[in-house]
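J.: Here is what each chain is made of, one letter per residue.
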Amino acid sequence: MKRTPLYELHKNLNAKFTEFGGWEMPLQYSSIVAEHLAVRSIAGLFDLSHMGEIEVSGQGANELVQKISTNDVSRLSDGRVLYTLFCNETGGIVDDLLVYRHADNHYMLVVNASNIAKDLAWVETCNDTGASVKDISKDTALIALQGPSAIDLLNPFVLERDVSEIPYFRFTTGDVAGVRTAISRTGYTGESGFELYVSATDAERLWSALYPAVIAAGGQPVGLGARDTLRLEAGLRLYGVDMNDDTNPFEVGLGRFVRFKNHQFVGKRALLAEKKKGITKDLIGFQMLDRAVARAGYAIYRGNERIGSVTSGAPSPSLKCSIGFASIESQAGSENEKIDVEIRGKLHPAKIVEVPFISMGT
Amino acid sequence: MISQDLRYMESHEWVKQEGDIATIGISDYAQSEIQDIVYVELPEIGTELTQKTEFGVIESVKAAFDLYAPVSGEVIEVNESLLDAPEQVNESPYDEGWFLKIRMTDTSELEVLLDADSYQAHIEAEHA
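Chains as they are written, first to last, in the working numbering: chain A, 1 to 362; chain S, 1 to 128.
Everything labelled a hint here was simulated from the structure, so no lab data went into it.
Nothing false has been slipped in among the hints.
Only part of the chain S face toward chain A is listed, based on derived beta-carbon distances under 7 Å:
{"no.": "1", "residue": "35"}
{"no.": "2", "residue": "36"}
{"no.": "3", "residue": "38"}
{"no.": "4", "residue": "39"}
{"no.": "5", "residue": "59"}
{"no.": "6", "residue": "61"}
{"no.": "7", "residue": "62"}
Given the structure is predicted, the values throughout are model-derived calculations rather than measurements.
Cβ atoms here follow ideal geometry from the backbone N, Cα and C, with glycine treated the same way.
In isolation and in its complexed conformation, chain A is listed as follows:
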């Protein structure tokens, strides 16, 4: 299994580890609930160095990135970040990712850890523009600082500017604790915060600078366990569970990230055809009405009719009940409608709710 540059630090913090996408990553340090609540109330520090980074640069980079993105990358100016999808020729989602525009013809694509090889091959396959495509994942570490105190915690380490002035979904390059960093006002928690991209060789220096400040403020290091419950409460989909190569963006509620107008991209023809034909599936949020826990794969019923299944489900530490995403037949259910989740052979009551499940602090 692959390890991040911070593996030894996690081990010294007595982290419990888990396998994720071929990586040996911290699952939790104290407890998932404690870490989750620390992010919601103060701050959490995450090692996300398993994430993949692909640099697309040189002549043809603008064209290539625009061509493989369902979202309209041409709207990006320097220092901006865009959430987008790669789709295949049949409209299935290859991955979801963030596009960072450093400059004209210079981008960084941040992709899911489990998809790095697939995404690289996909970008190469689509590359008929002559752009240079480089996997910089190994050389790049990613540390996230998330939570309502994130701005106040980060500011003392950044001398050049006030990080509160970096708007959501923008980034800037500067020194953090003396380490050259791409400071990105983004995250996967529903809280205010930053994702800090540094050279792998600087990762330990940055973590070691931020860690004591986070702890002193009452924050915690946070593993993948709480990362999953945080993203679920924030209504953020996870590739590989809520969507995959066989689902199109409209079937998982990501249609707003598909821009057809003045935009030629891979999968466009298939996605237009799907839209015309009518979308048959929808991804909804639900909340359990008893204490039972709905997990991925469980069947969803409306009355006696099976209408779909759970894609992500977990107890919500903030809401003190279980929540989840379910893929159901389109128009099979609307907000506040009662449904049932089959758990170990028994039906348990739930209702369809609006996502995000919590109010966002971003």
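Fit chain S to the known structure of chain A by using the hints.
T.: Chain S only, in chain A's frame:
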């Protein structure tokens, strides 16, 4: 912490004998590994359990864990307070966090279970 006067299963359930009545729970080690218990699903009074077969489920934030009966017998009491306060299993695994009382059909079944020392050795082996 391992309570000395109990018998254990390798799957971390404990059993306490009082005559032909057995009280069942999970060990302190198990609750500390599972953490953040949010839901406990237990059988109804009158259910007949068979040794080493599933009788219930506990859920943490991360996953569901099956519970196995240390002994065979009829369920005569269920710790209903766990339905509203499942965290008692984390806070007090040997006391307030008990699951069931069973009227044992065969008390000699207890003999195949681990004593405290063997259970300690089992945990150490599992953790190594």
